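Order-wise, the sequence lines are chains H and X. Under the working numbering, the residues of the first sequence are numbered 1 to 101, in order. Under the working numbering, the residues of the second sequence are numbered 102 to 596, in order.
Quick caveat, the hints were computed from the structure, so don't treat them as lab data. There may be inaccurate statements among the hints.
[To be verified] Dumping the calculated SDA-like pairs for lysine to any residue here, alpha-carbon to alpha-carbon at most 25 Å:
#: 1; chain 1: X; residue 1: 302; chain 2: H; residue 2: 17
#: 2; chain 1: X; residue 1: 132; chain 2: X; residue 2: 114
#: 3; chain 1: H; residue 1: 87; chain 2: X; residue 2: 264
#: 4; chain 1: X; residue 1: 132; chain 2: X; residue 2: 556
#: 5; chain 1: X; residue 1: 260; chain 2: H; residue 2: 20
#: 6; chain 1: X; residue 1: 260; chain 2: H; residue 2: 18
#: 7; chain 1: X; residue 1: 251; chain 2: H; residue 2: 74
#: 8; chain 1: X; residue 1: 302; chain 2: H; residue 2: 53
#: 9; chain 1: X; residue 1: 285; chain 2: H; residue 2: 10
#: 10; chain 1: X; residue 1: 251; chain 2: X; residue 2: 458
#: 11; chain 1: X; residue 1: 260; chain 2: H; residue 2: 89
[Claimed, not checked] The calculated label-pair distances, taken between Cβ atoms and stated as ranges, are:
#: 12; chain 1: H; residue 1: 26; chain 2: X; residue 2: 538; range: 42 to 48 Å
#: 13; chain 1: H; residue 1: 75; chain 2: X; residue 2: 160; range: 36 to 42 Å
#: 14; chain 1: H; residue 1: 68; chain 2: X; residue 2: 134; range: 30 to 36 Å
#: 15; chain 1: X; residue 1: 373; chain 2: H; residue 2: 31; range: 29 to 35 Å
#: 16; chain 1: H; residue 1: 26; chain 2: X; residue 2: 323; range: 19 to 25 Å
#: 17; chain 1: X; residue 1: 165; chain 2: H; residue 2: 4; range: 32 to 38 Å
Source: prediction; values computed, not measured. Every residue gets a Cβ at the ideal spot worked out from N, C-alpha and C, and that includes glycine.
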Amino acid sequence: MNVGLEHYLVVSALLFALGLLGVITRRNLLVLYMSLELMLNSANLALVSFSRFNDNLNGQVMVFFIITVAAAEVAVGLALIVALYRKRQTAHVEDLTSMKL
Amino acid sequence: MNLSLMSLEIAVVALGLLVLLADLWLPVERKRMLGYAAAAVLAVLFLNSFTSHCSCAAIGESAFGGMFVQDGLSVFFKRLFLLAGALVLMLTVEFSDRVAAGIAEYYSLIIFALAGMLFAASSNDFAMLFVSIELITITFYVLTSFTRGKVAALEAGVKYLILGALSSAFMIYGIALVWGTTGKFNFNELAMVAGNFAGNKLFLFGVLFILVGLGFKIAAFPFQIWTPDVYQGAPTPTTAFLAIGSKAAGFVLLVRFLFSAIPEVTAQWANLLIVISAVTILYGNLCAIPQRNLKRLLGYSSIAHAGYLLLGVAALAGAIANGQSPTANAGAAAVLYYLAGYLFTTVAAFAVIVLVMRHLDSEDVSGLAGLHQRSPLLAATLTLAMVSLAGIPPLAGFFGKFLLLKAVIEQGAANPGFYCLAFTALVGVVISFYYYFGVIRAIYWSKDAAESSPIPLSWPMKLSVAACVTGMFYLGLFPGAVVNAAAQATRVLLH
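Chain X with its partners taken away, still in its complex shape:
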C-alpha cells in the first residue's frame, strides 16, 4: 500500500473537513470569506502539482494493488480539476448572498465533489470507478438543490436524482456482468483477457450498460435528458462545476475504460461512437436555437460540446481499429486540450451570469440588455466566451475544434464514416453560430435595457475573470505547451 501517492486527495478531503469545522467558530459575516481561503489553498495545491514535492511527480506508480494509478493522464486531469475547483469557489463567494444558510457547507460540498473527481482521474478499477463516480454524483444531488427555497432547484435536484440513480443502476449491473464473465475488476488485468470475450454476449451487454452510466455523466445522446433542466434549475456555481468538472470526470473515466480496459472491443465499436457523437452534436445545437434562458442555452450547448469531445474518442477508437501509429493518440490528446479550453470558457460565461443576473428571477437572455454600458469588462468577457464556444480564432475553442476535426479526418481514409462525422460536426458548428451570436446581440444591440446601473466587481472576481480570459487567449494563441502535455498524457492509452 502506497498511501503517499494519494497525498493530494487526502489534502483536498482534509480541506473540506477543515472548512466544515471552521464554520462552527467563524462569526456569520466572515463565513463567506472561507471560500476565498479554500480557493487559495486549491490554487497552492495546483501550483504545487508542478513541483517535485507533489504526489503528481510520482508518475507510473500505483497504489492499492493497481486500483489507484498515477500516470500522465491522471495528473493532467487532476490539474484541470484543481483549477476548476478554485475558480468555482471564487464564483461561489459572489453567489453567497443568494444562499439562505450554510454557505460553508456549500463550499465543503464543492471540495468533496472535487475529491471525487481527483479519485476518478486515478481510478483504474471498477470498484474505484463506481465509488468515485458516486461520490461526485451524490454530492451534486445536494449541490443542485442547495437553494431549497426555489422550486426550480428542487425540481432539478429530483430529476437529476432519479435519472442519476437509474444510470448508476445500469452501470453497476454492467460491472456485475463484466466481472462475472471475466473475473477481473482491474483495468490492466481486464485488458489482457478482454480480447477473448469480444464475442461473449453477456460481456458485451455489461460493457454497453457501463457505457450508459458514463454517457449519463458526460451528457451524450440518448442520456442527455437531464442536462437542460438541471443546468437551468441548479444554483449557477453548481452549474459551472457540473459543466466542467463532472463532464471532465466522465471523460477521463470513459477514455480509461474504453482504451485501457477493453481496447479490442472499443476498436469494434468505432461506428457506434461515430453515431453517438454525430447525434449528440446535432441534438445539442438544434435544441439550443429556441432557448431564451441563458443557463438552459448553455446546457444544450454543453450537450453539443460533449458531442465534439466524443469526436476525439471516436478518432482514437478508429486509430486502434486501423492498427497502431505513433500519432494514434491525437484524438485523445485533442479531447484533453479541448477540455482545458472549455474550462476557462465556461467559468467565464457562468461568472458573468452570476454577476449580471444577481437581481433577476430567471436568467433570461434579455437580462443582458445594456451590459456593454453597465460593465464593459463583463460584456467583453461574455462575448469572448461565446466566440470561443462557437469556435472562432484566435480563442481556445477554435484550436480545440481544429485538433478534434484533424484527428477525425485522419481516420477517414480507412473508414469513410469519419468523413461524414467531420461534416456533421462542421454543420453543428455553423448552427451554433446562430445562438451564440444571439447572446452577443443581446449584449450590444438590444434596445430596452431595464437597468443601467454599473455592476460593481470585487477584486478577486476581477482576478478570476482575468485568469479565464488569459487562459482562453493563451490556449488559442500559444497552444504548443498544452498540446504537448496532452499528447504526453495520453500516451498511456496506447499499449
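For reference, chain H alone in the conformation it holds in the complex:
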C-alpha cells in the first residue's frame, strides 16, 4: 500500500478529535492539559505532512514555532495547576466553582 498525504491527514484529524474528546470528557486538569497538547501535536503532524508532500519547507519552520510556544505554555500551565493544587488540594474541574453569578 502506498502511504499518501491523505493517510497522514486522517491520522492528524483523528488525533485532533481524540484530543478534543479528552478535553470534553476528562475531569482531571492534568489529563485535560495532556489532551490539549495532543491537539497541538495533531496540527504539527498536519503541517509536516503538507510540507513533505507539497515540497515547501515553510510548514516545518512553523512547527518549530509551535513547539516553542507550546513549551512556554506548558511551563506556565503546569505552574498554575500546581499553585491551584497547593491552595485547594484538588486538580478537578468540578471543584473550580468559587465564582458563580
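Add chain X to chain H, keeping to what the hints say.
Chain X alone, transformed into the frame defined by chain H:
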C-alpha cells in the same frame, strides 16, 4: 531585513527587561515607583509616535519578507496600545499594596504583553499572528493569577489557561489546513489565491478554526464562556488590560485576517458575522442584568461591546459583498473609533474600582454606596464611564455606537439582515441602560453606606482619571480628528 521598522517594539521589550533588572537593585520601598517610570516611558513613546523620528512614520514599509507591515491600521492600533499600557501601569501602582511580592515582575509582564500587542498590530502573516497572539495570551495567564494567594485568581487563571489553550489548538490546526491547501502564510499572497479556494471544504474548515481562535480573544459568542470568571477573579489592572488591550489586539488581527487575507470568503460569510454579532450583543446584555459583582458585570458588558464592535466588521463584509464604494470602510473605521472610546471608558471604570474597593474582599456593587460623599470626583468619573458605556450623548460611547449603526444601516438596502442586526443592537442598548444605571443608583441613591471615610487620591491617579474623562468628552464632542484618522487607517483594507 528592515530592523529599524521594529524600533518601537524593540524599545518596549527593552523597557520590560530594564524594569526586571532594576528590580534587582532597587530598595523594596521604591519598587512600586518603577511603575510610574515605565508609564512615563510609554507615554513618551506614544507622543514620539506622532513625530517623524518614530518607526510609525515609515507608513507602507514592511520587514521580514512582508511578515511585519507598518501601515495606517497598525500605527493607529500601536498608539492605542501604548496609551492603554501607560494608563494600566498607573493603575497598577495604586494596586501594588495588594500584590504580595514581585510588583516589578507584574509591571514587566504588562509591558511584555504590550509588546505582543504591538507585534499583533503589524502582523501580516500566520506565523507572526500565532506568535504574537500567544505572547499576549501566555503573559495574561500569569497576569490573571498573579495574586496567587487568592483562590479566585488561581481559578480564573486555570480556566483562562484551559480555554485559551483549546482555542489556540483550534487556531493552529486551522492555520495548518489553510496553509496546506493554499501553500501561503503571507496575507497578501493568500489574498491573491484565496478566491480560487472559496469552494474547498478543507480551506473553509481552516478559516473557521482560525476564527474560533480569534473569536476567543475578542470574547464573541460562542467563545465567551471564560470572560465573566476571568474578569472577576483576575487582579483589577489585569482585567482592565484584558478588556481593552487583549480585545483590541483580537480585533486588529480579525480585521486584517478577514479583509486583507481572505476578502472573497469574508464577503460570502457576511450573514455568519451578522448572526454572531447579534447573539453576542443579546447574550452579553441579558446576562449582565442579574450581576452583583461589578467586575463580573463589566465582563458581561465587555461581551456585549465585542458584539457592538462586530457590527462594524459585519458592515464591512457586507460592503465588500455588495461591491466597492469609496466609503466602504466606514464599518471598520467605526470599529477603530469605538475602541478608542472604549479605552478611556474602561480604564476610568477600573481605576475607580481599584481605588474604591481597596479594603473590600469582593467587588460587589453595594461597595459603591456613599461614594458621592467619599469622593465626588470618583463618583462622577464612574457615572460618566457608565453613561458612556450605555451610549448616551455627548460621550464617546454614543458617537461610536452611532457610527457603527450608521455603517450597518447603510448595508441594509442590499441585505435586509442588516436591518435586523441594527434593530437587535438597539434592543441591546436599551437593555444595557438597566444595569448601567443600577451602578449609578448604587453610587448616589443607596441608603446604608458601610464606610464614609474620604478616599485619598494620589496626583498621578488624578492625572490618569482626568486623562480618561478628557478623552471621553473629547471623543464625544469633537470626534472629527479621530474619525478621520480611523478612516485613513482602514483604507488599507480596501483593495
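Worksheet item: Could one say that the CB atoms of residue 75(H) and residue 160(X) fall in the range 36 to 42 Å?
Response: 38 Å Cβ-Cβ, so the 36 to 42 Å window holds.
Discussion item. So if I understand the rule, the pair passes when the alpha-carbon distance is 25 Å or less; does residue 260(X) with residue 89(H) pass?
Written reply: Given pair residue 260(X), residue 89(H) holds - Cα atoms ~17 Å apart, limit 25 Å.
Item to complete: May I ask you to test the hint 42 to 48 Å on the CB atoms belonging to residue 26(H) and residue 538(X)?
Response: holds (44 Å)
Discussion item. Run the distance test for residue 302(X) versus residue 17(H): straight-line Cα separation, threshold 25 Å.
Written reply: Holds, at roughly 18 Å.
Item to complete: Could you grab the alpha-carbon distance between residue 302(X) and residue 53(H) and see if it respects the 25 Å cut-off?
Response: holds (19 Å)
Worksheet item: Is the straight-line distance between the alpha-carbon of residue 260(X) and that of residue 20(H) 25 Å or less?
Response: holds (16 Å)
Worksheet item: Are residue 251(X) and residue 458(X) close enough, with their CA atoms no more than 25 Å apart?
Response: holds (16 Å)
Worksheet item: Between residue 251(X) and residue 74(H), does the CA-CA distance stay at or below 25 Å?
Response: The given pair, whose Cα atoms are some 22 Å apart, holds under the 25 Å limit.
Practice prompt. For residue 26(H) and residue 323(X), compare the CB-CB distance with the range 19 to 25 Å and indicate the outcome.
Written response: Since residue 26(H) and residue 323(X) have Cβ atoms about 21 Å apart, the given range 19 to 25 Å holds.
Worksheet item: When you take the CB atoms of residue 68(H) and residue 134(X), is the distance between them in 30 to 36 Å?
Response: Given range 30 to 36 Å: holds, Cβ gap about 35 Å.
Practice prompt. Note whether the CB distance of residue 165(X) and residue 4(H) lies within 32 to 38 Å or breaks it.
Written response: Given a distance of about 34 Å, which is inside 32 to 38 Å, the answer is holds.
Worksheet item: Honestly, do residue 373(X) and residue 31(H) meet the 29 to 35 Å range at C-beta?
Response: Cβ of residue 373(X) to Cβ of residue 31(H): about 34 Å, so the range 29 to 35 Å holds.
Violated hints: none; the structure is consistent with every hint.
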